[in-house]
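Following the hints, complete the assembly by docking chain D onto the known chain L.
Spelled out, the chains give:
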Amino acid sequence: MSPMVLAGALALGLGAAPALAAEAMPVSIAIAPAVANSNSPRMGDRLNFRTTIRNDGTAPVGGVIGWVSLLRTDRGHEQPIDLEDWSAHKAITIPSLAPGEAVATDWPFRLIESGTYRVVVSAATRDGAALATSPFADFTVRAKPVVESQRVLPVALGLPLLIGAGMIVTARRR
Amino acid sequence: MTAAGLIARKEAGELLLDLRGQAWLLAMAIALSAFGLLLIGSAELSLLDNAQVVYDMTGIVTALGALLAMVVGVDGIGGERERGSLVPLLLTPASRGGILLGKIGGVAAAWAVMLLLAAPYIWAVGSTGQNLWDGMVVVLLLGTPMVLGFGLLGLGLGARLESSRAALLAGLIALLVAASPLLIGPSLRQSALGRVFDAVNPFSAAVNAYDAVIIDSQSLLAQVLPFGQTLLWLALTLWLARAAFHRVSR
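Protein chains in written order, with numbering that gives the first Met the number 0: chain L, 0 to 173; chain D, 0 to 249.
Simulated from the structure, these hints should not be mistaken for laboratory data.
Quantities reported herein were computed from a predicted structural model and do not represent experimental measurements.
Among the hints, a few may not be true.
[As the list claims (entries may be wrong)] Selected chain L positions facing chain D (in silico; Cβ < 7 angstroms):
#, residue
1, M42
2, P144
3, V146
4, E147
5, R150
6, V154
7, A155
8, V168
9, T169
[As the list claims (entries may be wrong)] Straight-line distance between alpha carbons at most 25 angstroms, and here's what the computed SDA-like set of lysine to any residue pairs gives:
#, chain 1, residue 1, chain 2, residue 2
10, L, K143, D, Q217
11, L, K89, D, D55
12, D, K9, L, K89
13, L, K143, D, L46
14, L, K143, D, D215
15, D, K9, L, M166
16, L, K143, D, G40
17, L, K89, D, V136
18, L, K89, D, G78
19, L, K143, D, D55
20, L, K89, D, L47
21, L, K89, D, L15
22, L, K143, D, S126
23, L, K89, D, I214
24, L, K89, D, L44
25, D, K9, L, D81
26, L, K143, D, K9
27, L, K89, D, V70
28, D, K9, L, L161
29, L, K143, D, T127
30, D, K9, L, R173
31, L, K143, D, G184
32, L, K143, D, W122
[Said to hold, decoys possible] Ranges of calculated distance between the beta carbons of each label pair, as one might list FRET restraints:
#, chain 1, residue 1, chain 2, residue 2, range
33, D, L115, L, T92, 54 to 60 angstroms
34, L, L152, D, D48, 16 to 22 angstroms
35, L, S95, D, A33, 49 to 55 angstroms
36, L, L152, D, R95, 46 to 52 angstroms
By construction, the Cβ of each residue, glycine as well, lies at the ideal position given by its N, Cα and C atoms.
Here chain D stands alone, though its shape is the one from the complex:
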């Protein structure tokens, strides 16, 4: 197995087999359960259109996935540094690119686990089945580059900043701002500023595509532009992470 594969397997193992990783998954499951129970416990929310509920759930899953990716990303380099294991890792024969690829593999594994965890929840709230599978596919297609991008941002911040706490804080602020479309609906983002924000925000691109596919029943093929936006975000964060990681010396 290559160095990248070994590192990715170790990172994924920490999430699935380590108590700390499992605690994160439990927290994610509790958050999704809380939303599910809120939907059936509140008369107002229980009357929402089924497609709207599926859209809301996919948005929450994506936000939680981005949060998990950010934490795994920051921990992947910043955490290693604080645990004193980064320098030994850099001194191994593995190339910087290989190490970074392994770390990205860890982020991807976290997102894959999150998707597996979320699938039953999305199915549970999608009682009519309306656009349910298309909804899951659009999360896979657009959510993946968007979430991986946040993981790469976490890796980059963890590499660039000396303190992993500072890196995590910076990453969480960025995520909070980016995820604001979950709270501010499309009609409230129709101002010039809102449109500019939507145009540069990968999170907006993803949730707008979710909206189009799940609520408006648009074709997946019509989501080329938002898909391109999320790919651009992925490429940008990959460049940032590479640049930051190649400068790491301690």
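Bound-form chain L, shown alone:
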């Protein structure tokens, strides 16, 4: 199940069980960009965000699932981003988290497209009904001139076809 679908399912679940939603989530999530991150990243660069998922409650928490979401926030382009090309590390599971225990996780990203983005890491537990989310971590990706498909496609498809047509003409003349 993708993180977005999982988030939606969890949201629906919360709506159907208001009594459970009132339960406090004992897990908190802190997020910070890695020190090595560029201040002005551009397409193709890599960024890393570190989260700390902590059990702030008094009882152990089992089956913690943490996942990362990326949102584009440019005006007119507001949308959740499919992490397919951006990151191979999309979720973690923590079998058990003792009271006061914290687990640090790095979330690496390869910056595929320019724009303004927000990263958020969410966590749910096996038995709990509430959802924990980190604060947003915002970043902007600068554009970089890369290969343009509208220039490459006509040449890449046209020239072999042209030579192939020439071969057909040559063969017919014989």
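Using the frame of chain L, we list chain D on its own:
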């Protein structure tokens, strides 16, 4: 028209008007198209710096040009021998030097066609225009002696070895070894062995100059040393081809 001109025209005609020659050009175009489509189809490759992409394309064009020159070179003598047309050619009033010059003309025509074929591809991937023209000029200046050298090596091997298949195999192995800098980046060739290899390898000289001009934006005039290396390679292979061709008797 001189004998050399006639032979060069025949060789060039075979590449452009003959089905076999056109099939080679189609194969070259498909290889360049495949790389172009890979660049826009792969998220990782599509994020490469534009100058890096132009450099990669020029390297591939040069390797394909050297391959085409090698095939044309081997076929120019070894192929003639196997088709039984070498001895009649040697018995014509044309001098050995004239025949060899004509064959070299055929190799040069193949490289010229390859450059014409490659120009749209280099333009297509060079979307920013950064060092695009300088890139094309450096391919013309350094790629030409390097590629012609491989064509001459093919001519020499075709003349020296009885079997054109053996000549082609030997030539392809030499080309494969020489073209390894395309796969092994400059940082991986910093060992003593790598530096010696770069110093004697004309392919390294050419691609290092491409790198300097296209990626590092260095002046074309600063490429005198690699240009000299490729000229030396051309002179050496010309000597080898002449020596081998003058010994041909059948």
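Status of each hint after checking the structure:
no.	hint	in the structure
1	M42	holds (6 angstroms)
2	P144	holds (4 angstroms)
3	V146	holds (5 angstroms)
4	E147	holds (4 angstroms)
5	R150	holds (5 angstroms)
6	V154	holds (4 angstroms)
7	A155	holds (4 angstroms)
8	V168	violated (10 angstroms)
9	T169	holds (6 angstroms)
10	L/K143 - D/Q217	holds (22 angstroms)
11	L/K89 - D/D55	violated (32 angstroms)
12	D/K9 - L/K89	violated (62 angstroms)
13	L/K143 - D/L46	holds (8 angstroms)
14	L/K143 - D/D215	holds (17 angstroms)
15	D/K9 - L/M166	holds (18 angstroms)
16	L/K143 - D/G40	holds (17 angstroms)
17	L/K89 - D/V136	violated (46 angstroms)
18	L/K89 - D/G78	violated (58 angstroms)
19	L/K143 - D/D55	holds (18 angstroms)
20	L/K89 - D/L47	holds (24 angstroms)
21	L/K89 - D/L15	violated (53 angstroms)
22	L/K143 - D/S126	holds (11 angstroms)
23	L/K89 - D/I214	violated (35 angstroms)
24	L/K89 - D/L44	holds (22 angstroms)
25	D/K9 - L/D81	violated (57 angstroms)
26	L/K143 - D/K9	violated (48 angstroms)
27	L/K89 - D/V70	violated (50 angstroms)
28	D/K9 - L/L161	holds (23 angstroms)
29	L/K143 - D/T127	holds (10 angstroms)
30	D/K9 - L/R173	holds (18 angstroms)
31	L/K143 - D/G184	holds (23 angstroms)
32	L/K143 - D/W122	holds (18 angstroms)
33	D/L115 - L/T92: 54 to 60 angstroms	holds (58 angstroms)
34	L/L152 - D/D48: 16 to 22 angstroms	holds (21 angstroms)
35	L/S95 - D/A33: 49 to 55 angstroms	holds (51 angstroms)
36	L/L152 - D/R95: 46 to 52 angstroms	holds (49 angstroms)
Hint violations for this structure: numbers 8, 11, 12, 17, 18, 21, 23, 25, 26 and 27, all remaining hints satisfied.
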